[in-house]
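Q: Add chain B to chain A, keeping to what the hints say.
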Amino acid sequence: MTKKDVTEQDAWHDLKCFTFARIALGRAGGSLRTNDWLDFKLAHAKARDAVHEAFNSEALLDDLRCDGQEGLVLESQIKDKANYLRWPDLGRCLDASSKDKLKKYAQTVDLVIVVSDGLSARAVHMHSRKLLAILMPKLEQAGWSIAPIVIVRFARVAVEDEIGSVIGAKLALMLIGERPGLGSADSLGAYLVCDPKVGNTDADRNCVSNIRPVGLTYEAAAETLFYLLSMAKMRNVSGVILKDDRIQTKAALELK
Amino acid sequence: MKGYTYSIGSCSYQFKDLADVMAKASSAKSGDYLAGLAAESDEQRVAAQMVLANIPLKRFIEEPLISPENDSVSRLLLDEHDCDGFKSVENDTVGDFRNRLLSYEMTSSTLATLAGGLLPEMVAAVSKLMRNQDLILVASKCQVVTKFRNTLGLPNRVSIRLQPNHPTDDAKGIGASILDGLMYGCGDAVIGINPATDNVESVKRLLSSIDELIQRFNIPTQSCVLAHVTTQLKAMEQGAPVDILFQSIAGTESANKSFGIDLELLEEAQQAALSLNRGTVGNHVMYFETGQGSCLSANAHHGIDQQTLEARAYGVARKFNPFLVNSVVGFIGPEYLYDGKQITRAGLEDHFCGKLLGLPMGCDVCYTNHAEADQDDMDNLLTLLGVAGCNFFMGVPGADDIMLNYQSTSFHDAHYLRQVLNKKPAPEFELWLKDMHIMGNDNLLLPVTGSHPLLMAK
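In order, the protein sequence lines correspond to chains A and B. Here the first sequence stands for residues 1 to 256, where the numbers follow the working numbering. Here the second sequence stands for residues 257 to 714, where the numbers follow the working numbering.
Among the clues, some could well be false.
To be verified - Each computed DSSO-like pair below joins lysine-lysine, with the alpha-carbon atoms no more than 30 angstroms apart:
| no. | chain 1 | residue 1 | chain 2 | residue 2 |
| --- | --- | --- | --- | --- |
| 1 | B | Lys-597 | A | Lys-79 |
| 2 | A | Lys-243 | B | Lys-680 |
| 3 | A | Lys-81 | B | Lys-597 |
| 4 | B | Lys-490 | A | Lys-243 |
| 5 | B | Lys-597 | A | Lys-16 |
| 6 | A | Lys-41 | A | Lys-81 |
| 7 | A | Lys-41 | A | Lys-16 |
| 8 | B | Lys-679 | A | Lys-41 |
| 9 | A | Lys-233 | B | Lys-597 |
Since the hints were derived computationally from the structure, they do not count as laboratory data.
Next comes chain A alone, as it looks inside the complex (with noise of 0.2 angstroms):
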């Protein structure tokens, strides 16, 4: 007897090419297939083992001086993606040593970049030191004097407000390994603030998101990053009343 296939196909299939979202998936009664089921658990397994992957801090710092950028590995208060997980608090502070050795760095500067794992050190790994050669460029080009790179294991997005004001930098810059999605293990944050110092709050930050090849790339996140620095620093503001203001192309959002 030959089988009946009882499942549904979705007849917009094509569409696919417009999203990597789970479109035109088809179903079984109204249900996920059982292919795509699976499909779905295997993403889940693979975002899972992301969020525990070592931090490979060394390495980075070794690859970011091949390319001529100076730069120290801190430490925050957390030593384990256990209690990275639930005490986010110690994630925002470095730990006494770290504080220490920062001092040392003490400068007036326009510019601190501080990089982390975050939940995603494959984020960091893959795409921080592409992002920075092109984006240290074109701060340099346009004369931003820059502290040397900070690289923090186990921080929170907020390390960046206590390292920008032991600085003494006028903006701090935030690369951190966002939590990994589903198709995304690998995606990068980046948080510019203008004035850091420990009890400014979200509002007062900008974000760029999904920072990698599939996502928003690196020459656009680049460009998006000199222009909110840009306005940053010469309007000296940041967070909400700082908008991205740049007209997009009309190509980039057509609907059709």
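A: Quick look at chain B alone, frame taken from chain A:
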């Protein structure tokens, strides 16, 4: 402030004030441990619940948990409190109130009359004494109906926010996900996009493209682009077709400040959206999102537990007559709700508290990849909230939000829920789905060919 004591055997439990009783009586959640507020043992938690059961509801009026002198949300809650509405329960303790809510006498209409007389703190308090089935049973008796271009919250109906996010706000990518959702009978609550970048031009463009789709196919639904409210207002000033205005809100003035908003701004936003007069069957124009842990996350919790603060956010929402209120329960992460069990409990508490306060509650049944949860936990919560009569859920293609990087509920999940609980979409939208031959008279999905008019539109 007066302290409380409760003895169990030889052990005497001390609670320094009402806020301490509330926090210690709360179901275990990582966020309350993070804030240093949670009960230190299971027995202490039950002792706090036994204390709470004997506290009169009135005390929440006499002893505000956060002083109105220091917090505009507290002022709003007390100013708006309906003393006449409160009369029928004014002599109840929190324990009495639980019994009353569960009694046969408490019907849909008595609950609706009572809503304005309840402070969020009273509602939070009683929820702490309730087991999950109580939260479900009482919420299922509440009915909150809202209207814009269709009618949400009617009995035996459940609606879906179609959430077609795209990591670069690419309009074709978003359009493809919208079409996918409509073909699965989703989108009656709202077609709502979270933009990747908070940008006026992109908000305008996205709003125009959905509006064009809604008009072209005469879809009885509404659109929203979930940028910051100030960005949406700017887009509106520049002529964008705004249906519903979105904003994240929280339960304290300082947490709202960290979101870049205050009550005056929300008032201004509501008035601006009303002035466009774009609704056809009603004029509920606001869409709020909330979530336990947001105040602590903003370092603005005043020593109050996260579930009570969440209920206070609903008190804020109530002032602005919202179309949709959505607890984004598992989005915030494991430092606030650690695992599937905590997410489930919080989802049921939030839905119950919101409904009892008279709000059109929905729930983003969701989790992140760093939480100890999976799709089985979501199936459980979705089903429980479906039974509880939750107004709406999220519909995300394949449950995988490729922009916000978390898992929610899918278009398939929506259809599962409608099948298993025999629920239908909003009535206007149901008719449209049947006219478009997307859904049959048995409320099941129909096979669709490539010549379907919606597919010809792409």
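Q: Would you mind marking each hint as holding or not holding in the structure?
A: Hint-by-hint comparison with the structure:
no. : hint                     : in the structure
1   : Lys-597(B) to Lys-79(A)  : holds, 27 angstroms
2   : Lys-243(A) to Lys-680(B) : violated, 41 angstroms
3   : Lys-81(A) to Lys-597(B)  : holds, 21 angstroms
4   : Lys-490(B) to Lys-243(A) : holds, 11 angstroms
5   : Lys-597(B) to Lys-16(A)  : violated, 35 angstroms
6   : Lys-41(A) to Lys-81(A)   : holds, 23 angstroms
7   : Lys-41(A) to Lys-16(A)   : holds, 20 angstroms
8   : Lys-679(B) to Lys-41(A)  : holds, 28 angstroms
9   : Lys-233(A) to Lys-597(B) : violated, 46 angstroms
The earlier numbered hints that this structure contradicts are 2, 5, 9.
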